[in-house]
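Order-wise, the sequence lines are chains W and Z.
Quick note: the first sequence, position 76, residue 76 per the numbering used here, numbers continuous.
Quick note: the second sequence, position 9, residue 9 per the numbering used here, numbers continuous.
Calculated directly from the structure, the hints in this document are not laboratory data.
Don't take every hint at face value.
It does not matter which identical chain is meant; a pair holds if it fits inside one copy or across any two.
[Stated by the list, open to error] Simulated pairs of lysine-lysine, BS3-like, Cα-Cα distance not exceeding 30 Å:
no. : residue 1 : residue 2
1   : Lys-6     : Lys-24
2   : Lys-89    : Lys-24
3   : Lys-105   : Lys-70
4   : Lys-76    : Lys-89
5   : Lys-6     : Lys-89
6   : Lys-6     : Lys-76
Bear in mind that the values here come from a model prediction, so they are computed numbers and not experimental data.
2 protein chains.
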Amino acid sequence: MMGLEKTTRMNYLFDFYQELLTPKQRSYMMLYYLDDHSLGEIAEAYDITRQAVYDNIRRTEAMLEEYEAKLQLFGKFQKRQQLVAEFEKEPIADERVQEFLNQLKELD
Amino acid sequence: MMGLEKTTRMNYLFDFYQELLTPKQRSYMMLYYLDDHSLGEIAEAYDITRQAVYDNIRRTEAMLEEYEAKLQLFGKFQKRQQLVAEFEKEPIADERVQEFLNQLKELD
């Protein structure tokens, strides 16, 4: 997995597990994945080597994957999304069903 | 919070976050909360002091509460349960709706 697919996955995993990261891990990940800064730019901003930024980000990615392997927050979220999408292909004309689906989505 | 209410909550939190605990933490919690053994019994089985078991379980409880404060797996599960229960009070006679609800419950 690389490129856009990996970026999308990391953005999701970060979204689900960022509370479990340290402030520094969170900063690097946000700059790299959300704000699309380069390793060199982050290194310069924090006055550390490019290699140090790279290592930190790789370790954080591994941590996020480990959390996902254990808790499957992203996996279950995707399955709920698929379930709802499948169900909504043939909409049911009932206000209560619509309201229920809306509230369900808000929880995710 | 104490007694039955705390036991129920700890059983749920353990269920959601046990993958994040060490094998030892998991063993003590299972013996104490799921199998209802006393601190003394656990201490004897592991040949350690009652105080050591007590401290370990208290620390684990605090960890579980910390994970819940950060990730809210139990809180969101409860909200989904409430949402479904509320919705099912007035059942909708549609097979697709029933099937959807069943699949949704299986994910939790």
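Okay, the hints, checked on the actual structure:
With identical chains, the CA atoms of Lys-6 and Lys-24 are at most 30 Å apart within one copy only, with a shortest distance of 21 Å there and 35 Å across copies. Proximity of Lys-89 and Lys-24 under a CA criterion of 30 Å is satisfied in neither setting, with 43 Å inside one chain copy and 48 Å between copies. Proximity of Lys-105 to Lys-70 under the C-alpha cut-off of 30 Å is found in both arrangements, the shortest distances being 23 Å within a copy and 20 Å between copies. Taking the shortest alpha-carbon separations for Lys-76 and Lys-89, both the intra-copy value of 20 Å and the inter-copy value of 26 Å come in at or below 30 Å.
When the C-alpha separation of Lys-6 and Lys-89 is checked against a cutoff of 30 Å, the pair qualifies only within one copy, where the shortest distance is 28 Å, while the shortest distance between copies is 43 Å. For the homomeric pair Lys-6 and Lys-76, the shortest alpha-carbon distances inside one copy (18 Å) and between copies (27 Å) are both at most 30 Å.
Violated hint for the displayed structure: number 2, the only one.
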